[in-house]
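Trainee: Residue-level listing of the chains:
Number of protein chains: 2
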Amino acid sequence: MKTMYQIMLCLSSGILLVASLVNTAQADTLLTEKRVFTLPEYTTVGGETITDVRVGWETYGELNEARDNAILITHFFSGNSHAAGKYQESDAQPGYWDSIIGPGKAIDTNKYFVISSDTLVNANPNDPNVITTGPASINPATSKPYGLDFPVVTIGDFVHVQHALVSSLGIEKLHAVVGASMGSLQAIEWAATYPDMVERMVSVIGAGAMDAWTIMSLEQWAQPIKNDPNWNNGDYYEGEAPLDGVTHTLALITQQAMHPMIINQLAPKQETLPAKALESVTNNLPAVDWLFNASRARASVADANHLLYLVRANQLFVAGHEETLKEGLAKITAKTLFMPAANDLLLKPYLAKAAVAELKELGKEPQYEEISGPWGHLDGVYTIQSKAETLREFIEN
Amino acid sequence: MKTMYQIMLCLSSGILLVASLVNTAQADTLLTEKRVFTLPEYTTVGGETITDVRVGWETYGELNEARDNAILITHFFSGNSHAAGKYQESDAQPGYWDSIIGPGKAIDTNKYFVISSDTLVNANPNDPNVITTGPASINPATSKPYGLDFPVVTIGDFVHVQHALVSSLGIEKLHAVVGASMGSLQAIEWAATYPDMVERMVSVIGAGAMDAWTIMSLEQWAQPIKNDPNWNNGDYYEGEAPLDGVTHTLALITQQAMHPMIINQLAPKQETLPAKALESVTNNLPAVDWLFNASRARASVADANHLLYLVRANQLFVAGHEETLKEGLAKITAKTLFMPAANDLLLKPYLAKAAVAELKELGKEPQYEEISGPWGHLDGVYTIQSKAETLREFIEN
Chain D
1 MKTMYQIMLC LSSGILLVAS LVNTAQADTL LTEKRVFTLP EYTTVGGETI
51 TDVRVGWETY GELNEARDNA ILITHFFSGN SHAAGKYQES DAQPGYWDSI
101 IGPGKAIDTN KYFVISSDTL VNANPNDPNV ITTGPASINP ATSKPYGLDF
151 PVVTIGDFVH VQHALVSSLG IEKLHAVVGA SMGSLQAIEW AATYPDMVER
201 MVSVIGAGAM DAWTIMSLEQ WAQPIKNDPN WNNGDYYEGE APLDGVTHTL
251 ALITQQAMHP MIINQLAPKQ ETLPAKALES VTNNLPAVDW LFNASRARAS
301 VADANHLLYL VRANQLFVAG HEETLKEGLA KITAKTLFMP AANDLLLKPY
351 LAKAAVAELK ELGKEPQYEE ISGPWGHLDG VYTIQSKAET LREFIEN
Chain R
1001 MKTMYQIMLC LSSGILLVAS LVNTAQADTL LTEKRVFTLP EYTTVGGETI
1051 TDVRVGWETY GELNEARDNA ILITHFFSGN SHAAGKYQES DAQPGYWDSI
1101 IGPGKAIDTN KYFVISSDTL VNANPNDPNV ITTGPASINP ATSKPYGLDF
1151 PVVTIGDFVH VQHALVSSLG IEKLHAVVGA SMGSLQAIEW AATYPDMVER
1201 MVSVIGAGAM DAWTIMSLEQ WAQPIKNDPN WNNGDYYEGE APLDGVTHTL
1251 ALITQQAMHP MIINQLAPKQ ETLPAKALES VTNNLPAVDW LFNASRARAS
1301 VADANHLLYL VRANQLFVAG HEETLKEGLA KITAKTLFMP AANDLLLKPY
1351 LAKAAVAELK ELGKEPQYEE ISGPWGHLDG VYTIQSKAET LREFIEN
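Chains D and R supply the protein sequences, listed in that same order. When you line the first sequence up against the numbering used here, it's residues 1 to 397, in that order. When you line the second sequence up against the numbering used here, it's residues 1001 to 1397, in that order.
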């Protein structure tokens, strides 16, 4: 157990890191552009065929002539392909891992050709920077959004679509696949499904398989949507979207991704017995407004059905989709690095540890290092720079 | 951070403890009966007057002539006064802390007169063993349930009503007040509000004040009810109760009160890519059914408004209801013992540590010990016997 002193130390170093992240971002602007990859037809792991599959992608750095310097970045649950750089100089923020991807950075774009793609059923199809295919897409058979007619997809499906994208570029080997959270599931799935193509796999704040606790946590995120009458069994595209449900879903995800250490720093304080709160249980408290107003502001960019499909893809995950985790991991030949966050409350380090233990039992040599920080799960994004040297060494050797 | 070995060790000792709990319960049956305490009129901390306040209570052991051997037990969020013993020999289970309350046990009913009472706005007013007053009670002014006309109440109000009950028995000093979770809030509130009456205070899996993170967690529990159209702004007593909302609320509480270690032991396993789950996102997974079916089974015993009022009472808590926690704690003269659970994910040990640190700064000598176990928050109930000797020593000295 951490003492209060250690916690204070963590917190100050975390804040310093965030500050340095921001500085780094301003130092050298890497420019990129969003592109579209199209697959005329794709058959899912579940055996259903989808036509006209489209996902967005972007790159940083240059593909060399041998086409052997490519690194694939796979994104987290509420993320998208925008891992580094900016689309325009004037963008307020660079991509989420800009502190480790760029010229001279841990994933050095002077040496590597970095590819990052949107997944199928991306959480935020109404974000103009997201290109994805899912229940909110137009079903060519009906000219209306699919809704629940869209087939259930898995992390394996995300990876197969990325495989088609990577292959379309003439790339036969990936120098590495690197992802955080849901991105880590894709990274390990890549290593298990296409072992001959993946030389290095980095799992940040990740897992080798979902356990019952995480499967339940994911369902807690789905319930507010399923219980919102506007959801209407997935058929809401001509009416009002289930924004109350989506707002609660996003509030659950946001809180679970953050440790009390950082939330208690950032959220507004509460006076003792505020008069409004004593008036009615329907009057909100300041910390509650802080969380829920932010969640509501993001709700219209998300799509309720896409969130449900993402939940399901994650719930079904076991690396390699074999009968046991061990059978899936047995197929991996890549060098592997696991970096969970010590204070993570969403995918706690025991999940990465379980995958590492299985790999060791299989005679492999996984590398394991914990990220320290006050953010919890989000340390995989906001404190990743503290592991820049570990990552650089792993990538370059 | 625990290693896998420590986790395995924890888990086996936890299971042994649960087994021994069950054995203890069968060894000697303490019989008790539920009684009703009535206050014709009560004015809340918020200044509203409620007439005909009724709460249930029960006792174990005998009050001595000097009336100075009484110990008050205060209950947790989803609990009630039934802390020990059975109402009838044939009851399936004894009260929740039967492993530490009874003849010869840590809280020895051969020596002490133990009182335990239901709180105001108890979560489960439809449980025949619960007697409480809250929004589901009949408002004498209208002869209909209060609904949201019931005044907001605080942990201070729970304690004031208990104070009236204790005083009605001619008791002027409590040998100890002992509570788990929300019960710990009442215990510390007692020590801060009635310092001359409380000689010892035991906070199990507790806090001195709510922080922003916990205030938000509590709101996550309230949201499913507020978003359920059957809730109807609290006016549902003549229609259908908002059971979908209450079910999700209970599922959130249940999961948050348990650590993945125990959930992953108890929940059904999932086969890889189950066909039904690939068919539709609306088909549930086994672990999800396990949690939600259990929650639904308990939903009709709970009352949606009572849950919202309990959430609010907890959200407003700071010991002594003074401007700062320190000012509240400064009033405490009781000996204090704090026992958070090391693996708690709901009221993590930093909360008890913060109260202990403040008490030390005030020159007091709080005692602090962590409960180990696989249950998380519920270790405060299921693993409490591991701290029986600590508790006995604290109570008897």
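Hints in this document: simulated from the structure, not taken from any laboratory. The reader is advised that the hints may include incorrect statements.
Footprint (simulated), chain R over chain D, 3 or more residues, beta carbon under 8 Å [as the list claims (entries may be wrong)]:
| id | region |
| --- | --- |
| 1 | 179 to 190 |
| 2 | 220 to 231 |
| 3 | 235 to 249 |
| 4 | 282 to 289 |
| 5 | 339 to 352 |
Straight line, CA to CA, 25 Å or less: simulated PhoX-like cross-link-like pairs of lysine-lysine [stated by the list, open to error]:
| id | chain 1 | residue 1 | chain 2 | residue 2 |
| --- | --- | --- | --- | --- |
| 6 | D | Lys326 | R | Lys1331 |
| 7 | R | Lys1276 | D | Lys269 |
| 8 | R | Lys1335 | R | Lys1360 |
| 9 | R | Lys1144 | D | Lys269 |
Note that beta-carbon positions come from the ideal geometry of N, C-alpha and C, so glycine has one too.
Trainee: In ascending order, which of the hints set out earlier in this document are inconsistent with the structure?
Mentor: 1, 6, 7 and 9
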